[in-house]
Amino acid sequence: MSKNIGLRSAIYAILTIVALIYLVPTFSKELPSWWKILPTEKVKLGLDLQGGMQLVMEVDSAKALELELERVADEIKEELRNEKIKYSDIKRNESNGIDLILLSDQDLSSFEKLKSSMYSEYDMSKGEKTADGQLVHMNMKQTAVQSLLTSSTEQAVETIRNRIDQFGVSEPTITTQQDNRILIQLPGVKDPDRAINLIGKTAQLEFKLVDEANSLEEAQKGNIPAGDQILYHSEIDAKTGHSEKTPYLLKKRTSLTGSYITDAKVKVDSYGAYTVTMDFNKKGSKLFESLTGANIGKRLAIVLDDNVYSAPVIKDKISGSASISGSFTADEANDLRIVLKAGALPADVKILEQRTVGASLGKDSINQGIKAMIVGTAIVVLFMIIYYGFSGVIANVALILNTVFIMAGLAAFGATLTLPGLAGIILLIGMAVDTNVLIFERMREELRIGKTLRMALETGYEKTTWTIIDTHVTTILSGLVLLQFGTGPVKGFAVTLIIGLLANFLTAVFITRVIFDYLIIERNWKKISI
Amino acid sequence: MHLIKPNTNIDFMGKRYIAFGLSAVMIILGLAMLVVRGGPNYGVDFNGGLMIQIKLPSQQDPSKIREALQPLNLHEGEIQRLGEEGESTYLIKVGHSEDYNTSTLHEDIGKVLKTSFGEGSEVQRLEMVGPKVGKDLREKALLMIFYTILIIAIYISGRFEQKWTMSIVMTVCLVIAVLIGTSFGAGVTWLIMIALVISIAFCWVLRLKYAMGAILSLVHDVAITVGAFALTNREVTLTVVAAILTLIGYSLNDTIIVYDRIRENLRNASSKRDMKEIMNRSVNQTLSRTILTSGTVFVTAAALYFLGGVVIHDFAFALLIGVVTGTYSSIYIASPLLLLYEGKPEKRSKK
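For the record, the sequence lines run as chains A and B.
Position 128 (the first sequence) corresponds to 128 in the numbering used here; numbering is contiguous.
Each number in the numbering used here corresponds to the 1-based position in the second sequence with 530 added.
Warning: the hint list may mix true and false statements.
Taking CB as the label site, the calculated pair distances span [stated by the list, open to error]:
1. I557/B to T465/A: 45 to 51 Å
2. I710/B to K129/A: 50 to 56 Å
3. K594/B to L20/A: 51 to 57 Å
4. N281/A to G569/B: 54 to 60 Å
5. Q177/A to L796/B: 48 to 54 Å
6. G717/B to A359/A: 37 to 43 Å
7. K363/A to I710/B: 35 to 41 Å
8. W466/A to L533/B: 24 to 30 Å
Straight-line Cα separation of at most 27 Å, DSS-like style, residue types lysine-lysine; simulated pairs [unchecked claim]:
9. K350/A to K641/B
10. K113/A to K91/A
11. K463/A to K693/B
12. K535/B to K451/A
13. K350/A to K662/B
14. K535/B to K526/A
15. K665/B to K350/A
16. K662/B to K201/A
17. K63/A to K662/B
18. K739/B to K545/B
19. K545/B to K806/B
20. K623/B to K662/B
21. K113/A to K77/A
22. K623/B to K350/A
23. K29/A to K44/A
24. K252/A to K86/A
25. K463/A to K527/A
26. K623/B to K190/A
27. K201/A to K644/B
28. K91/A to K77/A
29. K341/A to K267/A
30. K113/A to K129/A
31. K350/A to K739/B
32. K363/A to K623/B
33. K42/A to K63/A
34. K527/A to K535/B
35. K670/B to K463/A
36. K190/A to K641/B
37. K463/A to K806/B
38. K739/B to K363/A
39. K463/A to K665/B
40. K190/A to K644/B
I should point out that these hints are in silico values taken from the structure, not numbers from a laboratory.
These figures come from a predicted structure and were not determined experimentally.
For every residue, glycine included, the Cβ atom is placed at its ideal position computed from N, Cα and C.
Work the whole structure out from these sequences, hints included.
What follows is the structure, given as structure tokens:
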């Protein structure tokens, strides 16, 4: 151990320089252009330090399933009509499936053919036969249910990512957690309320015809005609602050959905009112054209998440694009544009967990943390010098290098510094000197029984090495458990703890040793204050 | 400079029954407090609910704040002023309910505060945890504790006793017990109990006294820290659990250092050895190191506690308590526990 002092010093010097290089991007405001060949990763700050928002959302899986079954039921209806299969009823059942009643045996055999060619993810079974016809159950297979739920979560993640990208948040994290949960982290987001609105909106855009043939008043009394529904247009009166609701009697059948939208734009008219226009793709364009062409003179309601935005009268056949107007603010119009363009969520999402930290509180936390760090370090450093004299200075060098290595490690591994992580660094300052205290106390004992400084150094390091390894291993083990099971801030703490303990081993054992070796062997010091 | 004079010889072992008594009193007091309060005071992380930290332009009576929040349908909550005298930061805690609209909550609270207390009111922090997530996090925290105990029990029985085969056997036993436990639907709390009982019984039967001493003193430290939280009615959150687990690692440091010294002294001792004397000597030899490093860790934890701000307060409190009990237990609990075997005939074959 005591040989090759030059080589060892060189290795540690290089390590220190590398660590310092890793720290430059974090602490300098601007990097020179030639720096690109060197690491440019900054130490990332957690949400609790820079402010921001974390959300855990859950896709309403029951709703997603319901929507899918409704879609398939509509599709089957269409197919039955095309294939001229006669049926009397088709509806969703309670066990993830669709029930339909077919009139004759011939219809049944035609349907069986249709089923085997198109609906392989459904199990078909025959129910009772009544005067109405043959009851058929089409139940979704369990694997199909599962893959539907997975894909709807994936689709939700994709949609949310698109929306956030449009909204403009630097370095968002959007991932699926177990089952149908989505973890969203938006560091540094300025306006969390707007972000939640944007992310959480289902944004199911539907065009529905207004039922002009039946009376709205009758329907409001409870006599809603079959195939109709009442939806409301709600608006907040800018003067009074009251929200006003206007009812509409609409056809339940959705004539067109927002899934054909390719682009959306915000326009301002000459009165300063905002309008959001959207463009359809070819298929949507065609559908919209035939829809408007066949219903000239009727009203077409534009419904977003069951809220009627407007119901203009169709004056002419329209193709290509449609627009939504309302009393929007600029932000609202822009958010609507984003959700329309990014598409609808496959089903409603629910917020299961929300953590929002204001930027000012984050800044306070950093300042308080740094204050605690300075005070803590000052006391420990002073104490080491008073108690161990020159050896204490050597230990302090190790202590400061230790902090440098932790920060560099965080930058190099792309780890996130959280508030508990910052607390961990402060705590590690107290723990780091432990290693040197252990060695120094041992050296003192050896000196007391009359050994030379060189011998004391040798035995002091040798006899404590295993103990030091033990103490580090046990704490690293608990750190690894924290890393595995912890979330957010706790994970940050665990990473800091582990990096810190590894760094401590390097600085407090190896680097102090080479300094002592240099002084005692090379410079031949016979005495050293310890 | 010396804090502890060389050749200090304090009779720690002689006072072991006083120490055991003191520890027992502290643990019982903490547990009694836990029972009185009906379990740990779980924070929103574990119980679900809402925690809102707000800053107002001027100090307000909590009843005024409650009144202002009335329209939001929040459940009856606690309101507490934070920070030093003269600051107007408040913490509001509300139980979980379905009555408020989670997606507009942050916005709603901000608006209500601004209308009631004027500009300059702000929501600094909002944590909302649904009951499902709360349950998951509780489970996760318990699993963290479980695995930490498991891994550490295995590591120290292997390292201290140099009986890695034994420790592998123990691991297998523990894993089997846990598998049986889970198949019967035992909760994580039970799994922790089962794992603890098995490890201690295993150590007892096989006379792995160092491992047993270390595990028992860990249990001691955790029990006292949790008791201190119950006594001061502080909230147990995810970060507090992280602090406790770090302490498990740290407290073990102290124990390992004393134990290593005991074994070293035992190796050098003559065959006619007096266990008690050797232990006293070992504890005294490592005493100045124990005091010094606990001192430095204590100082840094105290700096965090007093200067680190409200968010980290409970975390720092757990560290403070843990450092003190960890140090105390490695002197007064971990080492004297080794004496439990003294006075019992030692099997020759085990030598």
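Now the hints, each set against the structure:
no. : hint                         : in the structure
1   : I557/B to T465/A: 45 to 51 Å : violated, 35 Å
2   : I710/B to K129/A: 50 to 56 Å : holds, 51 Å
3   : K594/B to L20/A: 51 to 57 Å  : holds, 53 Å
4   : N281/A to G569/B: 54 to 60 Å : holds, 58 Å
5   : Q177/A to L796/B: 48 to 54 Å : holds, 51 Å
6   : G717/B to A359/A: 37 to 43 Å : holds, 40 Å
7   : K363/A to I710/B: 35 to 41 Å : violated, 52 Å
8   : W466/A to L533/B: 24 to 30 Å : holds, 25 Å
9   : K350/A to K641/B             : holds, 22 Å
10  : K113/A to K91/A              : holds, 20 Å
11  : K463/A to K693/B             : holds, 21 Å
12  : K535/B to K451/A             : holds, 19 Å
13  : K350/A to K662/B             : holds, 12 Å
14  : K535/B to K526/A             : holds, 24 Å
15  : K665/B to K350/A             : holds, 17 Å
16  : K662/B to K201/A             : holds, 22 Å
17  : K63/A to K662/B              : holds, 19 Å
18  : K739/B to K545/B             : holds, 20 Å
19  : K545/B to K806/B             : holds, 11 Å
20  : K623/B to K662/B             : holds, 18 Å
21  : K113/A to K77/A              : holds, 15 Å
22  : K623/B to K350/A             : holds, 21 Å
23  : K29/A to K44/A               : holds, 15 Å
24  : K252/A to K86/A              : holds, 23 Å
25  : K463/A to K527/A             : holds, 21 Å
26  : K623/B to K190/A             : holds, 24 Å
27  : K201/A to K644/B             : holds, 26 Å
28  : K91/A to K77/A               : holds, 10 Å
29  : K341/A to K267/A             : holds, 15 Å
30  : K113/A to K129/A             : holds, 20 Å
31  : K350/A to K739/B             : violated, 53 Å
32  : K363/A to K623/B             : holds, 23 Å
33  : K42/A to K63/A               : violated, 42 Å
34  : K527/A to K535/B             : holds, 21 Å
35  : K670/B to K463/A             : violated, 39 Å
36  : K190/A to K641/B             : holds, 16 Å
37  : K463/A to K806/B             : holds, 23 Å
38  : K739/B to K363/A             : violated, 49 Å
39  : K463/A to K665/B             : violated, 47 Å
40  : K190/A to K644/B             : holds, 18 Å
Hint check: violations occur at hints 1, 7, 31, 33, 35, 38 and 39; the rest are consistent with the structure.
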